[in-house]
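With chain A fixed as given, assemble chains B, C and D onto it according to the hints.
Number of protein chains: 4
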Amino acid sequence: MDRIKVGVLGATGMVGQNYIRLLSNHPWFEVAYVAASPNSAGKRYADAVQGRWLMAEPIPEAARGLIVGDANMVGLAKGKCKLVFSAIEAEKDVVRRLEEEYAKEGFSVVSNNSAHRSTPDVPMIVPEVNWEHTALISTQRKRRGWNQGLIAVKPNCSIQSYVTPLYALIRAGYHIEAAFVTTMQAVSGAGFPGPASLQMIDNVIPFIKGEEEKSEQEPLRVLGKLVNGEVVAEKSLRISAHCNRVPVIDGHTACVSMKFAGPKPSLQDIIRIWSEFTSEPQKLNLPSAPRPPIIYRGEPDRPQPRMDRDAGKSMAVTVGRLRPCNVFDYRFVGLSHNTVRGAAGGAILTAELLKAQGYF
Amino acid sequence: MDRIKVGVLGATGMVGQNYIRLLSNHPWFEVAYVAASPNSAGKRYADAVQGRWLMAEPIPEAARGLIVGDANMVGLAKGKCKLVFSAIEAEKDVVRRLEEEYAKEGFSVVSNNSAHRSTPDVPMIVPEVNWEHTALISTQRKRRGWNQGLIAVKPNCSIQSYVTPLYALIRAGYHIEAAFVTTMQAVSGAGFPGPASLQMIDNVIPFIKGEEEKSEQEPLRVLGKLVNGEVVAEKSLRISAHCNRVPVIDGHTACVSMKFAGPKPSLQDIIRIWSEFTSEPQKLNLPSAPRPPIIYRGEPDRPQPRMDRDAGKSMAVTVGRLRPCNVFDYRFVGLSHNTVRGAAGGAILTAELLKAQGYF
Amino acid sequence: MDRIKVGVLGATGMVGQNYIRLLSNHPWFEVAYVAASPNSAGKRYADAVQGRWLMAEPIPEAARGLIVGDANMVGLAKGKCKLVFSAIEAEKDVVRRLEEEYAKEGFSVVSNNSAHRSTPDVPMIVPEVNWEHTALISTQRKRRGWNQGLIAVKPNCSIQSYVTPLYALIRAGYHIEAAFVTTMQAVSGAGFPGPASLQMIDNVIPFIKGEEEKSEQEPLRVLGKLVNGEVVAEKSLRISAHCNRVPVIDGHTACVSMKFAGPKPSLQDIIRIWSEFTSEPQKLNLPSAPRPPIIYRGEPDRPQPRMDRDAGKSMAVTVGRLRPCNVFDYRFVGLSHNTVRGAAGGAILTAELLKAQGYF
Amino acid sequence: MDRIKVGVLGATGMVGQNYIRLLSNHPWFEVAYVAASPNSAGKRYADAVQGRWLMAEPIPEAARGLIVGDANMVGLAKGKCKLVFSAIEAEKDVVRRLEEEYAKEGFSVVSNNSAHRSTPDVPMIVPEVNWEHTALISTQRKRRGWNQGLIAVKPNCSIQSYVTPLYALIRAGYHIEAAFVTTMQAVSGAGFPGPASLQMIDNVIPFIKGEEEKSEQEPLRVLGKLVNGEVVAEKSLRISAHCNRVPVIDGHTACVSMKFAGPKPSLQDIIRIWSEFTSEPQKLNLPSAPRPPIIYRGEPDRPQPRMDRDAGKSMAVTVGRLRPCNVFDYRFVGLSHNTVRGAAGGAILTAELLKAQGYF
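Residue numbers (the numbering used here), protein chains in the order written: chain A, 67 to 426; chain B, 67 to 426; chain C, 67 to 426; chain D, 67 to 426.
The list makes no distinction among identical chains, and a pair is therefore deemed to hold if it is satisfied within one copy or across any two copies.
Subject to a maximum C-alpha distance of 20 Å in a straight line, what follows is the list of computed EDC-like cross-link-like pairs (lysine to aspartate or glutamate):
#1 K379 to E123
#2 K421 to D187
#3 K325 to E243
#4 K325 to D395
#5 K275 to D367
#6 K275 to E365
#7 K109 to E365
#8 K280 to D367
Source of the hints: derived by calculation from the structure; they are not laboratory data.
Here chain A stands alone, though its shape is the one from the complex (with noise of 0.2 Å):
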């Protein structure tokens, strides 16, 4: 079978290396375009991150010849790729307009950038947890008078962490009101170069500009109910969020204290429901849907970063440490890779979803 022919926007950056390195021998997508700034036009792609290369395996032999677009100039992927995934680094504004175009031309837009997060009509997709809300694509499509082209985003890196615990457990029918959560987050999750490493050796950074409020707000609106072609966001559940820099490179840790309404389940029916916790990607045999998605460990001190980030090819999400929270009824600690699970590899997934959906 023939696979689908892709484009990266913003493809030279770290998060566009990431689905050059990741979309390399996918089963389904084929890397066809390339595009970046006006500066990469025009240059080879191995030419073009020729020095700025942060994947320690070599630049895929397949992407190295393709010739690099100008991403402002959307005529360009025309005939090339049906979907592209977008990771361009710009004002949001200009990032906002530039995925409008491409859309409008009929592409298939999957994004990274927080730009059209908070969009009414874009759907904020974690495929574990609200693969339906991919259905605001029709009102979209309508609303905007297109055809075949759309748009989707992935939520932000910080909430990947524990998102789809809560909701493995939301989905088996009990009541979460409120949540503390305190991040220990990636210095991959600030791009390159990111924090300097005379900040972060022998150190820790306790903020993250836009973060918490990112960490806080995101997990209401994945976790939000379709009604009548609009996402009505969860209202009933408070999320606290204290995200901090720590001198790793990739993984986020996130440390969560949960209050149940009503009933509330037992140690053991939370980590049963998490070990048997399974959803739509999986269903759907996605090629990049972690097997199982939520993996529990019992062992006192982990999940920790550099030991459970690579799980389910850094696609699932680890928990471990759940015990009674002496303020709240629960807490525990949930870790996933930033970079791959919280960018480049949740945006393929997405993309995944959206093909087994039938959206292009």
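Structure of chains B, C and D alone, referenced to chain A:
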């Protein structure tokens, strides 16, 4: 004026070395006796710590030639010192009994060990918070028939980053009913060798044995009231603590959310209360008392362990990022130096307090 | 085809765990026996390593249920495997004697331990360099009266980053008379626990006990000639090694300057020789043989441990920065994965070589 | 006595901040003027460094209110100070010209920049080694027609860990003909931001642009002779330097092998020479002169950056591990604090020397 002769029990270990370092050039105290395990007994101190001196500064001249005594033989300390700092590492039963023997023999014992932290007639002191709890010593002496001797302990290093800031608000008349604390603790807190570099480079360990219990319970005793010669632990405050080990040499960071019962201070009130806070050690002009004891930093990304741990000669608590909490009322980040404020330095300040109060 | 049953002695330690990990899904070998100290004997392997499994991947299913034998009781291995990988940690005398007992009982012993590295009739093998030294086994068997058994060892992990690159030039006809080597070695090279994080964060330790001697002498034996059934160490090469421990998890880096006697290759010659280098393991198509065994990277700042240690399934040596030396002729930087190429992986490749050569 | 008023050019950058920090409470000098780029000009110093003050200590009170001048406008410094420390970051041509303008206007310029390091009439000073080279200033003034002004520079931070130890042996009458140096340099040496934490955690970068050339050539000029008012670089010594960046905050470590021509000192001779070494800055009692300038540590694993960088108020060089070399005669490890001894502190010591010698 002649300095008071003091001894250090467990003088060859990491905390013991910190005592030796911090007491060098102390205006009131002079290290006149050092003791350790039978292995080290009989050696010159410099020889006993040969190859395992962990401080960056060289061994103080005055300590080099001291002959190490066997810490188990209480009689050896007689005539050499009036007060002993206990940094003994052994089973709790052993530590408890040994500290009692020293006290029985007339020594004032100030201990870093957790063995006596829940003994009802032993005061557990944070000098800025519960300097009055030393009154327990009368009960202690009466009950045990000691004339001169006494035991006082300092609480766990993890609580020092938040207990004084919380106390300052309580003393100002506000009632805190619950607090969420997530700590990111330095590796030196585990003593030597502590976590292997294999475990800490590019990693976080979300677990420290026994630490969450101490971090939740010890503040309640420190904040307790002295009633009829007993300390009644604070009952109206609940604390939930998640404790993590991060790749930081020194400095424990705590992310704290707090909920008030009754009237709430404003953000400005809190900053003012912290900034103006001063307490008994400052009033008594104790040599190791930080001035001010709480430093509020207004930058968005402080405190940070490498930047702030040495504030106030490593004895101050630095707080920052005070802001509203999405679930509780307010949240902030606190930081203190765990091996100085949280260990040897805190114990020395306690000894200074006891001296100023006339206990020895 | 049935896989050959092998055993791992010292299977619960860090090197032993690496064997278990690397041998899982090996095309030729199947772990059928594990042994360790009497403490672990009798337990299921999964239970024996409970709480001290150091690999990121979970314990391989096939190994979990194996019952751990007492490594001191050679008879226990009988009938269970033909070859044992020795990762025993004990006094050298003990290791030497125990490995000889296994060999005497007919087992092929491939060892990671340094005990037998200077035993004249025991080949010390880097398969790409001195695959012919296995001929020593005939001498060994004759001298010791062994029919089937044998002992072969691998050299120290520190030399793997430069011995193959030097050998490639020697094989191409150039004579190297002196080399300066400064290593920056990963903490995993010290085993578990190895250096404390207190010692390695924000630090370098310019000393590793015994390492400089090994790094200077072992290459001479590996590069030696087989004369009359004996290995005569290379005498015309002198190596000076400075060995340092740096805060890196895996991957030993070596800065090397080399001086030629007689005709010197050009820079281009050297790059060509390295790039085209292939040897016996590649010719024999051994499963663990990296292809190519030496990777030359032209970027100005490579190799780097985190980026290059996993090249060639962690079995290749990556070299870079070839340039003239201001004192000797040329200098370069070499890098290899110390716990794979330099330990368990190198031993497995040696076992594959022995199998291909018909020694068992 | 009134302190001499000095200025700091480039005062807002990292080296500039170090000047401000180190000059606070200096017994001879008082910071009376600060200058930076036009962006900062006109602001209070505290405002200009708002959000980018990198020192752990707070901004010194005396500097907070200084109004930042435009460093390009030499006239602004007039009447405010006699000496300027140059930490300007710009193209070399720009720096060279600007420093000359200040000197022409009568200012003594002591520079950290590499722009003038190879200008024949500009002395490049390590005060303990070539204090006599300041005599070049007469040549400089004569040639350029300057009455009062002068330019002196300090060499690269990387050489400070070995040039003084080598010089001590040369001064004692031994001739060193070759040295191999491998450095492991701290990230602060690259300025801010310097290497990204993504590049340095769990990694080594075996390359620093331009550093090996400086590390090989600058020592020859520093060790050169003053002949007829010119410095003739040492020609009989060849140095080979491999320069590496390691995850260390401060402190450059150098592994050095040295070869003598003619009579060789014994190991004891060398230790004695280093331990007894003292030089002009100590004789002149300069305020920043370390006493002793060279510290020999006998432990097998020292010096280490975190333990030894602050020796002698961060101005001493610590050496250790002196032992025979397998290729050259002897080898050792040297260490110095790169942002103090190797940058601002070294320049301040040079200014003190110039003052004591009567140059301003």
